[in-house]
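Undergrad: Below are the chains, spelled out letter by letter.
Protein chains: 2
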Amino acid sequence: MRTPTWKRKHLDTVIATAVKLILFSAGPVRLVLEEDLRNELPFIMSRISRAPVINPVRQLSSGISSPETLPAGEFERTNVHSPEKRFRFYYFDIRCRGELARFILGAAGVDYEDIRVNLASWPALKDDTPFKTLPVLDFNGVQLGQSMAIARYLATEFGLRGRTPYEQALADSVAEAADDVLASHLEFMFEERSSKKENMKRVFMESTLPDFLLYLDQFQKVYSEEYGYIVGSKLTYADLAVYSLLEQLMSATIIDMNYFSYYKYPTELRKRIMSNGKLMRYINNRPRTDF
Amino acid sequence: MRTPTWKRKHLDTVIATAVKLILFSAGPVRLVLEEDLRNELPFIMSRISRAPVINPVRQLSSGISSPETLPAGEFERTNVHSPEKRFRFYYFDIRCRGELARFILGAAGVDYEDIRVNLASWPALKDDTPFKTLPVLDFNGVQLGQSMAIARYLATEFGLRGRTPYEQALADSVAEAADDVLASHLEFMFEERSSKKENMKRVFMESTLPDFLLYLDQFQKVYSEEYGYIVGSKLTYADLAVYSLLEQLMSATIIDMNYFSYYKYPTELRKRIMSNGKLMRYINNRPRTDF
Chain A
1 MRTPTWKRKH LDTVIATAVK LILFSAGPVR LVLEEDLRNE LPFIMSRISR APVINPVRQL
61 SSGISSPETL PAGEFERTNV HSPEKRFRFY YFDIRCRGEL ARFILGAAGV DYEDIRVNLA
121 SWPALKDDTP FKTLPVLDFN GVQLGQSMAI ARYLATEFGL RGRTPYEQAL ADSVAEAADD
181 VLASHLEFMF EERSSKKENM KRVFMESTLP DFLLYLDQFQ KVYSEEYGYI VGSKLTYADL
241 AVYSLLEQLM SATIIDMNYF SYYKYPTELR KRIMSNGKLM RYINNRPRTD F
Chain B
1 MRTPTWKRKH LDTVIATAVK LILFSAGPVR LVLEEDLRNE LPFIMSRISR APVINPVRQL
61 SSGISSPETL PAGEFERTNV HSPEKRFRFY YFDIRCRGEL ARFILGAAGV DYEDIRVNLA
121 SWPALKDDTP FKTLPVLDFN GVQLGQSMAI ARYLATEFGL RGRTPYEQAL ADSVAEAADD
181 VLASHLEFMF EERSSKKENM KRVFMESTLP DFLLYLDQFQ KVYSEEYGYI VGSKLTYADL
241 AVYSLLEQLM SATIIDMNYF SYYKYPTELR KRIMSNGKLM RYINNRPRTD F
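Sequence order for the protein chains is A and B.
Here the UniProt record's numbering is used: position 147 in the first sequence is 147, and no number is missing along the way.
Here the UniProt record's numbering is used: position 162 in the second sequence is 162, and no number is missing along the way.
Don't read these hints as lab results, they were simulated from the structure.
Honestly, I wouldn't trust all of these hints.
Claimed, not checked - Okay, derived cross-link-like pairs now, SDA-like style, lysine to any residue, Cα gap no bigger than 20 Å in a straight line:
#  : chain 1 : residue 1 : chain 2 : residue 2
1  : A       : Lys221    : B       : Lys271
2  : B       : Lys196    : B       : Thr208
3  : B       : Lys132    : A       : Met205
4  : A       : Lys132    : B       : Lys132
5  : A       : Lys221    : B       : Thr129
6  : B       : Lys271    : B       : Ile283
7  : B       : Lys132    : A       : Val203
8  : B       : Lys271    : B       : Ala108
9  : B       : Lys196    : A       : Phe190
10 : A       : Lys196    : B       : Lys196
11 : A       : Lys126    : B       : Ser207
All values reported here derive from a predicted model rather than from experimental measurement.
Start from the sequences and build out the full structure, keeping to the hints where you can.
TA: Okay, here's the thing in structure tokens:
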């Protein structure tokens, strides 16, 4: 008899705990189940090889000594860090929701593993990711999910977050608004009904995008102390979020270079980015993708 | 002749600059326009009374001494802060994307102005908000947009953000995932085609919501040091984001109290929230809204 959906969900907690016991114990593990779960044992055992695993930080430095006890899930490979690369970044082989993190790592000149997950291997990987989504950042034994949480963490780590809580809040608001604009773009790109798609594109071109860029021009005049940066006097991840957005819109031929000339900040920003050697090294060497 | 859309957008920059000159100068202001903009003067003048204004921080303490020079936009009232209330929070009279900020202010016991914008006055206010969206937090003369940027700023300000960059990243990922789940809920709530709505609701109930709660149960076991909190040993805004989400799902009769018993963390969290006197004072006294 097939275990009902809700019960399977509930059981996953038991399963994950069992996997963790196996992972983090030195010797063999005895699984003791509460009475009402005993007849679920075959199901539990069948799931153990692919249950989600979150590794606590304290496991990193010690490493995992017996790989044969690891569950079969592909994601567990991330426990075995090469010592010189603290970060592994998992995303599909596209820019979209992953490029901001790659830009931050690039601008910081960090040597990381840029793992491009192909669509064929995604279903097997999915259950082992936090929130069942990509991107995922693997660092210090932690798998961090949510694209903006990842970007913000990396920005904090590498001095691209803003100098004060106040600057950070402003940078956050710009980065999140850029993410919203990107979401609107993706929405009409993937819309299948052509009349609806056209309408969504029109709203995007006539209102969503120009409103955003216009606001940034005004914003920069007030909150920026240095030509080309949106907040304060140095690069923040908000600048990278805007640049990544505009670059993607150009790749998708939604806008061209002339469009920039209507707005002051993106024009200045582009010059700043072009003169950032580390970031340009990433941009010039990254895999070619359509979007 | 009507000014074309793109030019109007471009002109807004000129207009906003003019408004700022008027606002922040002691005496009368002469508007000097570049040649190609001169024939736009009537349009510019007509817009000045409702142009977006971003007030730099340095203007707060001095205040605005000549209110008759202020543009007519409703939002400009926020320049005149009562000294004991540093924060004004603008959102519609619903919970949705605004309740997390209100929860944080409530849990911190901060006396703020909880301004509920009615739908009739929104169109007039819209152009004066950052990113043309609500919620907006007005503090220190800054108008901060984007719900999650606001929540995070308040959480930082009131010690609800996590103790280390590492805890903060984890809290961010949970808060943002909760915001994604809320977005999925709003999406099917506002879907008009009934067959599509049913399908979206089914995916939400069978996968989106249980996956999220199951992950949190596992997450808590690893990252929490104190029963009922998702990260570390005290309340963070991630806990409030989850609670606010579940509360809204209950109000919308998507789930009921029994649902909690499948998952450990929400059950524990609820007890923690119920024992937080300041937050319960807000919850018990807030305006009644359907969602």
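Undergrad: State for each hint whether it applies.
TA: Right, here's what the structure says about each hint:
1. A:Lys221 x B:Lys271: Status violated; Cα separation ~47 Å.
2. B:Lys196 x B:Thr208: holds, 16 Å
3. B:Lys132 x A:Met205: holds, 16 Å
4. A:Lys132 x B:Lys132: violated, 32 Å
5. A:Lys221 x B:Thr129: Between Lys221 of chain A and Thr129 of chain B the Cα gap is close to 16 Å, so the pair holds against 20 Å.
6. B:Lys271 x B:Ile283: The hint holds at about 14 Å.
7. B:Lys132 x A:Val203: holds, 14 Å
8. B:Lys271 x B:Ala108: Within the cut-off at roughly 18 Å; holds.
9. B:Lys196 x A:Phe190: holds, 17 Å
10. A:Lys196 x B:Lys196: Given that 20 Å is the threshold and the Cα spacing comes to 16 Å, the pair holds.
11. A:Lys126 x B:Ser207: holds, 13 Å
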